[in-house]
Amino acid sequence: MKGRSWTKKEDQILAETVLRHIREGSTQLEAFEEVARKLGRTPGACGFRWNAVVRRKEEENFLKAKKQRLAKHLKNRRPDTVDSLKQLIQMLRRHEKEFHALVNHVNELEKQLEEKEREYKRLAEENRRLTEQLDTVDRLRELLTERYSELFQLLRSVRPSKDSEGDAVVHTISSAAESSEEKTDADTGEEKRT
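So for the sequence shown, the UniProt record's numbering puts the first residue at 1; every next one is plus one.
I should point out that these hints are in silico values taken from the structure, not numbers from a laboratory.
Keep in mind that this is a model prediction, so the values were computed, not measured.
Check the hints yourself; a few may be wrong.
Taking lysine-lysine and the DSS-like style, the derived pairs with C-alpha atoms no more than 30 Å apart in a straight line are [what the hints assert, rightly or not]:
1. K72 <-> K9
2. K9 <-> K66
3. K64 <-> K38
4. K64 <-> K111
5. K8 <-> K66
6. K9 <-> K86
7. K67 <-> K86
8. K121 <-> K97
9. K72 <-> K97
10. K38 <-> K116
11. K9 <-> K67
12. K97 <-> K116
13. K86 <-> K8
14. K111 <-> K38
15. K111 <-> K57
16. K38 <-> K72
17. K86 <-> K64
18. K111 <-> K67
19. K86 <-> K66
Cβ pair distances, simulated, as ranges [what the hints assert, rightly or not]:
20. G40 <-> L123: 27 to 33 Å
21. T42 <-> E96: 20 to 26 Å
22. L109 <-> A71: 44 to 50 Å
23. V137 <-> T7: 41 to 47 Å
24. R128 <-> R156: 38 to 44 Å
25. K9 <-> E108: 25 to 31 Å
26. A101 <-> R139: 53 to 59 Å
27. R94 <-> T42: 18 to 24 Å
C-beta atoms are modelled at their ideal positions from N, C-alpha and C, and glycine is treated no differently.
Start from the sequences and build out the full structure, keeping to the hints where you can.
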């Protein structure tokens, strides 16, 4: 369901799950996967929502959860033992892995954004071109309609007559020319008289 808006309840589930994973020493990626299963979204969408919106609102709780994780880790730690060093190294590796995964995710989102921007520009140009074509077609249609109307009026003004065999004969423009000559002769005659 691409493009589905996030509800307050979904934001709350995302925040609670991520903060719980942080407190328990788990990764944010695991939290995103859990939330994705619960909400029917992708882990990437959950990660994007967390980093872009929810984390800013939950910054204080986020820092508190990190402190709780560190306190829990220090409390359970056995000083100067090989096990505690191994755990610390594992935790650092987890954080490094999480960091690289988030960087990759951000890079992927940036690529997607660039692709969407290119697609938008292409579609905007195509829309402009098609709009111009449509305007041209509309102007041609208006011109053709006007010409058709003029032609239709001209054809209606020409009256049919029958010849000796009964076939329809259409008066041509010559009859119109004859009447205009008669009018011109009449006009000329008047001019000669004056």
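Hinted pair K67 and K86, Cα distance within 30 Å: holds, 20 Å
Given a hinted range of 44 to 50 Å, is it respected by the beta-carbon distance of L109 and A71? violated, 33 Å
Taking the beta carbons of R128 and R156, is their distance inside 38 to 44 Å? At roughly 42 Å between Cβ atoms, R156 and R128 fall inside 38 to 44 Å, so the hint holds.
K72 and K9: Cα distance at most 30 Å? Distance of about 29 Å is within 30 Å: holds.
Straight-line alpha-carbon gap K111 to K38, limit 30 Å: holds, 27 Å
K97 paired with K116 [C-alpha distance capped at 30 Å]: holds, 28 Å
If I claimed the Cβ atoms of T42 and E96 lie 20 to 26 Å apart, would that claim hold in this structure? holds, 23 Å
Tell me if the straight-line CA distance from K86 to K8 falls inside 30 Å. violated, 40 Å
Checking one constraint from the list: CA of K64 to CA of K38, max 30 Å. Satisfied? holds, 25 Å
Is K111 close enough to K67, meaning Cα to Cα at most 30 Å? violated, 34 Å
Is K9 close enough to K66, meaning Cα to Cα at most 30 Å? holds, 23 Å
Holds or violated: K9 to K86, with C-alpha atoms at most 30 Å apart: Judged against 30 Å, a Cα distance of about 39 Å means the pair is violated.
Of the hints listed earlier, those the structure fails to meet are numbers 4, 6, 8, 13, 18, 22, in rising order.
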